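Trainee: If you want the building blocks of each chain, they are given just below.
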Amino acid sequence: MFDFLWLLFALPTFGALIVLVAGRWLSQKVVGGIASAAVLGAFVVAFLSFLALLGLPAEERSITITYWQWITIGDFEIPVAVLYDPLSAMMALTVTGVGALIHIYAIGYMDHEPRYQRFFFYLNFFILAMLILVMSNNFLVTFVGWEGVGLASYLLIGFWFEQRDDQYGWYADAGKKAFLVNRIGDAAYLVAMFIIWTSVGSLTYDVVTHEAASLPTTTLIFITLLLLFAVSGKSAQFPLYVWLPEAMAGPTPVSALIHAATMVTAGVYLIARTGHLWELAGPVSQIVGWVGILTAFFAATLALVQYDLKKILAYSTISQLGYMVAAAGVGAPGAAIFILVAHAFFKALLFLGAGSVMHATHGVIDVRRLGGLRHKMPQTYLTFLIGAMSLAGIPLLSGFWAKDAVLAGIAADGAFAIYAVGVVTALLTAIYSFRAVFLTFNGEPNDQHVYDHAHENKMIMLAPMWILAFFSITIGWFNTPFALALEAFLEPATGEHEKIALFLELIVVMVSTVISLFGFVFAYARYIRKEQWPLTLASWFAWLTPALENKWYIDRVYDVIIVQPIKAVASWFARIFDPKIIDGAVNGVGSVINDAGEAVRKLQNGAIPTYALSIFLGVVSVLFYFLFVG
Amino acid sequence: MSFEMIFFILVGALSVATAVGVVTSRVAVHSALFLLVHFATLAILYVTLNAQFLAAAQIIVYAGGIVILILFVIMLIGSAPLETRAGYRSWVPYAGVALGILMLAGMALTILQMPPTELNPEANQGGVPIVLGIELYSQNILLVELAAVLLLVALLGALLLARQPKNEESPISNFQSS
Amino acid sequence: MVPTSYYLILSAIIFTIGAVGVLSRRNALIIIMCVEMMLNSVNLTLIAFARQWDNLNGQIFVFLVMAVAAAEVAVGLAILIAHFGISKSTNIDDVNVMKW
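Protein chains in written order, with the numbering used here: chain A, 1 to 630; chain B, 1 to 178; chain C, 1 to 100.
All the given hints hold, so there is nothing to weed out.
One side of the interface only, derived from the structure: several residues of chain B facing chain A at Cβ under 7 Å: (1) Val-92; (2) Ala-95; (3) Leu-99; (4) Met-103; (5) Gly-106; (6) Thr-110.
A few chain C positions that, by computed beta-carbon distances, are all more than 10 Å from chain A: (7) Phe-61; (8) Leu-64; (9) Val-65; (10) Val-68.
None of these hints come from the bench; they were simulated from the model.
As the structure is a prediction and not an experimental result, all values here were calculated from the model.
Where a beta carbon is used, it is the ideal one built from N, C-alpha and C, also for glycine.
Given the sequences, and given the hints that come with them, work out the whole structure.
Mentor: Below you can see the structure in the form of structure tokens.
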């Protein structure tokens with residue numbers, strides 16, 4: 001059965017190639033159809049392989065298939081091989097499933113786009129790179145996929161590179177920012193790989209996990225800190241999260257696929273895959289937990305004050321990723337993957353909903369100009385509401401179970417401080433989720449012109465949204481605390497998960513319920529009933545408003561510390577070093593020869609005394625040579 | 001300090017003095033006359049060096065030929081006072097003096113390290129004409145012929161160079177008419 | 001007998017004086033006179049060596065040098081007169097047509 005795993009990679013590749021080569025002669029629907037069919041086929045393969053994996057007993061659920069030897073230099077051998085185990089199976093299903101739905105949605109969304117074949121080519125390329133990332137069995141091939149998704153992200157964010165607006169600047173610059181910030185993380189990944197290679201002697205996950213226990217702690221600390229830095233770059237944690245909000249300049253399907261469901265989860269996947277290293281690395285797991293939860297809190301505060309719907313969702317993504325990273329770091333990787341999967345569904349749904357709104361209003365996404373759209377776009381409203389409820393953690397939806405698993409895992413590990421921050425963040429999450437819904441769909445329209453032109457979208461866009469909404473509700477039931485099916489399933493890959501005491505579990509569940517319902521009430525009161533008490537509560541924090549509006553000044557700090565010095569150095573090199581020193585040296589050689597020629601030319605001045613002197617000089621020289629030397 | 005040495009020093013000093021006189025005279029005719037005396041002193045020295053024929057040839061050719069020729073040309077062309085030196089060659093004399101002193105020092109150093117050799121007082125049989133003649137016309141007849149050709153060519157060359165085209169002013173006619 | 005080295009030193013002195021004169025004076029005629037002086041100093045050297053080695057070749061050489069010097073003076077003065085016809089000056093600095 002697993003002999004067909006290679007199709008997972010072949011189908012997107014073929015899809016991409018066909019779109020690339022023949023795209024310009026085919027209609028847009030056909031091109032989109034080919035691309036979507038490729039990913040759908042990949043999903044079918046992933047699903048069938050998943051079933052086959054279930055058919056195996058738990059201890060044997062780890063299959064390695066080597067396709068060919070990529071690098072062989074003495075001891076350094078890197079095969080192109082697939083490691084198919086529960087973790088990669090889960091990731092493959094998520095990537096291809098959500099990916100296929102988004103491809104279908106994009107056929108409808110990008111219907112006026114003149115460069116559609118390029119778009120679908122990039123999308124298929126992305127799916128291919130992501131699959132390489134999650135299915136490979138060693139760090140280096142994963143890195144190939146890692147870089148590939150970074151490239152796809154750059155290409156897709158800057159897809160409308162000729163555009164520019166106040167929110168995002170030049171769209172091409174947004175893509176550049178994403179790529180460069182990612183690069184910093186990638187450098188850390190490379191150094192981590194070097195250290196792993198020199199200390200363990202192999203880059204294969206199985207070998208590294210096996211040997212990890214015998215490595216000195218300082219080495220492990222270095223490796224994990226570097227990997228944490230790489231994860232921060234890819235999964236938008238502090239301090240390398242700054243590219244994600246600007247990445248919203250890309251088309252909405254891109255935001256849904258790459259910046260919600262899949263690429264940004266690559267970092268979480270990496271932590272889960274190398275889980276053993278983090279357990280052994282002592283204080284680093286605490287650091288990871290704090291980095292994750294602080295990012296979550298910090299992004300949630302910013303989501304509260306954004307007016308661009310997509311940016312609200314972007315900061316929300318950063319926040320949820322923070323939960324995932326925190327969970328993975330403190331030893332609950334199963335919970336992290338669970339929330340990864342759930343988040344993929346409801347966040348993609350939310351983004352697709354936002355895209356639906358944008359498509360209907362011809363690009364208006366500022367909530368200050370929206371409002372009351374539930375009358376005009378009922379289906380979008382319902383699906384968006386389901387997604388928001390899941391995000392906020394309303395009981396019984398998938399987001400509730402997922403967030404609960406994370407918080408319980410953190411509490412069970414004893415990290416109560418992190419747990420507390422997580423709870424506060426959950427409250428903020430609930431508030432901003434419902435704020436987004438109510439400002440966009442409820443209330444009175446703020447801009448009558450926009451409201452009049454809004455209309456519900458076509459089935460081809462709505463169908464994926466309904467499917468995602470269905471999974472947003474149901475996928476949580478696979479991993480309730482009473483039947484941790486998902487985490488058990490993942491055990492062979494991620495290691496034992498702690499059995500959480502029932503007492504603690506109940507407390508966590510109750511706290512989460514209370515928080516999410518309170519968030520709903522608060523947002524309802526504030527934005528729909530326009531009551532006073534929410535404003536009073538909010539005014540306690542009014543002193544934070546300037547910081548929030550300036551995104552906690554992080555971008556300014558980076559600009560001053562990093563961007564300006566680099567620009568200054570680059571400017572120095574361009575304006576001074578290159579023209580004056582290098583060109584000066586080259587021109588200097590020329591002018592030295594020129595001046596020498598000018599000087600020597602004076603010898604031929606036609607004046608006899610000068611010639612006589614030269615002759616005399618020659619005579620004396622020859623004479624001296626013969627007298628003293630010869 | 002034998003008589004020969006004293007004689008040599010006196011004549012040598014005179015030779016050097018007249019040489020300096022040639023170089024430093026302001027008037028061209030004075031230079032020519034200094035040159036004449038210089039050649040004469042050299043002729044005396046040749047005699048002491050057992051080269052009697054050459055001493056005579058020196059007087060005839062140099063003193064009686066070349067200096068006269070130079071005097072004629074001085075009379076023809078004149079020695080009007082000349083303008084100051086051009087800038088680019090003002091440093092040449094000083095360089096020349098420096099180089100000259102350098103060369104003199106080098107040569108002196110080498111010469112003074114020469115080991116003294118036995119000298120034959122009857123060397124070259126005194127340099128009398130017969131001896132030189134036999135040597136010239138038996139061993140070196142080709143050189144004599146070549147010298148003759150050279151002199152013929154020089155003569156023709158001088159004739160050609162000094163010829164003036166018709167209907168043009170010549171320095172001679174100019175001089176005579178002014 | 002006077003050792004050969006004394007004659008050689010005298011010859012060197014005369015040669016140096018002649019060289020300095022060639023470089024210092026502006027009048028072309030004086031320069032020609034100094035050139036002759038240098039040739040004579042070389043004659044003196046040759047004759048001194050001829051006596052030392054008891055070899056007549058030195059004197060024969062001098063004989064030919066005299067012939068060449070005479071020819072050279074004749075031609076040189078002819079050139080000088082021809083040039084004087086054009087530039088009306090005996091300043092050696094005026095003979096500078098062959099330059100860059």
